[in-house]
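Start from the sequences and build out the full structure, keeping to the hints where you can.
Anchor point for the sequence shown: position 573 equals 573 in UniProt numbering, and the numbering is continuous, going up by one each time.
Treat the hints loosely; a few may be bogus.
Straight-line alpha carbon distances no greater than 16 Å define the calculated EDC-like cross-link-like pairs of lysine to aspartate or glutamate that follow [as the list claims (entries may be wrong)]:
id	residue 1	residue 2
1	K500	D540
2	K263	E373
3	K616	D596
4	K390	E336
It is worth saying that the hints were derived from the structure and are not from the lab. Every value quoted in this text rests on a predicted model; they were computed, and no experiment measured them.
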Amino acid sequence: MPNFQLADWLISPDEMLRHDEELTRIKASLGEGGLDLLANNAQGTEDAEAEDLAPVDSTQEVAAKVQYLYGLDLGHGRVNWKAKPTHPDDPKSDLINKDSGYVVRKTSQGVNYPWEMHSVIVRSPHIMTILREILSDYPGISPAVDHLILDRPFKPMLHHWGDFCQAVEQSDDFTKQHVEGFVIFLKEELAPYFEVLKNADAHGIIEHQNLWTIFPPHQLVWTDLKQHHSIGEVEQTTLDQFTGNFIVSYKQTVWDGFESKAKSGAVGIPSFTGTRPIAGLKTIPFLRKPDAADIEKAVLDRGRNFLSLLGCHYREYLGIGGFERPNDMLERPQIEWQAVSGRVVLDAALRHGKVGDRVEPPNADSLPKTDREIMICSPLIEGYSLTSKKWYKLFVDNVSDIIWDNSFSGLVLNNTEKDLLLGFAQTKLSMTTDFDDLVRGKGKGVIILLSGPPGVGKTMTVESIANMMHVPLYPMSAGELGSDATKVENQLRQALVYCKEWNAVLLLDESDVFLQKRSATDLQRNELVSIFLRLLEYYDGMMFLTTNRIETMDPAFQSRIDLTIHYPDLSESARVSVWRNFLQAEEGTSTEINFDELASHAMNGRQIKNTVKLAKMLAIRRNQALHMDHFRQILQLSAFQPAQGMMSLD
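Here it is as structure tokens:
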């Protein structure tokens, strides 16, 4: 405990005079007998709330008398309260007068420092009745207590001033007279903040230290989240003592795969000097947005879309997504925003590990119903990118329905092969009963191997089948999986679980490394092959494998593959079909395309696709329709040196 001198505890004559004038003014407002100070030798304690705030009997008639307490600020939130600063060795006595309706407490940093407002303790049962009514849902306020401590700057009273005045106005004459002094006290204390709100309303400006005045709890708050509207309900506001940022804590409605629930978030407004236009801040009260009406309509539409996407859905996405990267230094993972495009699966249940617990349809009782509830639905939804194999927080606004193409009809396969492949896939994914091996759980899947040289349509076949069936395609390649046995097994197991949950087609492209014959010298590859064989045995979904080297396949796979289809090099007639398929999708193409001439070049499907791409770039560069001259110039150059070729074209 610091060793304070007697002078630290004394009030200067000027301060005492100012204090007496203040008491005289309040006494006049209350009438005779309205002020009752304790004896001058009353001693304070370090914890007035604990020792001297005896519970007030609500049946006891407590007059709305005001009492003043003074305290030396000892730091770390410790204050030694006294009715009047005296020698610290005075004998202890009860600090608070038992018939005081409310107690005003002031603090000072020491001698020659002014007394500043600290807090007020409300003990009057009449005032408490009103405060319980208007502050019942205010953060940090308990309606069950007999007294209430309101700290400066009395945020609850400013935020509910209109409610407070209305409650007083509707009370009986006795209560009005009883609380009159308290009303006068509050009006004077809140006067500067009334002026702040007046300027905010009239001129749309605010100072950083006064931001709390425009963010009352339960108000809707708007914030800019990566150029998307984000609406939440204010829970509380604080000032970050380290950064100086003004922190708005809010709640939004999210979906966890089982039910909708409130989730807390926070956003900071960096410190600034002087005044700023409120509308220019990235976080402001929603109703202070100049275009609030337009935003409300857009957010309501998005909220209804959010509700329509609960459950498990296969969609298209184009935008950015938040990837949660674990951080050992922080309790919460860091959000890393990345570009996301392509097909996604929206499935919060699987994201949170609730395999098999998915609720279809979602529990209607937990869903938002009112416009306000729909507005505070999160702008983000959990989704899995089938391209990057990552879970993201995706913006609902950037989710769209898939436009299904008719690429299946353009496959360079005979009709018998196409019907066979599509029939197997449709039957397997719609089956309610399984063919089972002698060992339970084995042999339920359908595994088809597509073999042939590059660029003959193996991968396109699987993509077209998935499109035709409107089901997710989960593509993987040996390059993605790597060569570490443990990682390969974990990734394959995850892929198999996801495909089962989503009724997806699994494509393992370029699977030669897993299919290759085992040898006595390559133990690492042997381990990968063994892992793959074991997982295939128990997979019960639809899987396609592609390979360029079927002749090197391990014999153990032959019994595990249900059907093998070999793709030969493209014939000239097949190349005509491929050229036609690619050019039909290109707008602004000349009708005078010589497909026989194009097909005379011995190219595979991938090379044809690249040639079309380069010819189109050349046509755009010259602002021309795509025609044969563009193709001839590209084909005259080396197909494998596009950069060098383009440099010479002008």
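Each hint, compared with the structure:
1. K500 x D540: holds, 8 Å
2. K263 x E373: The hint holds at about 13 Å.
3. K616 x D596: Status violated; Cα separation ~19 Å.
4. K390 x E336: Given that 16 Å is the threshold and the Cα spacing comes to 12 Å, the pair holds.
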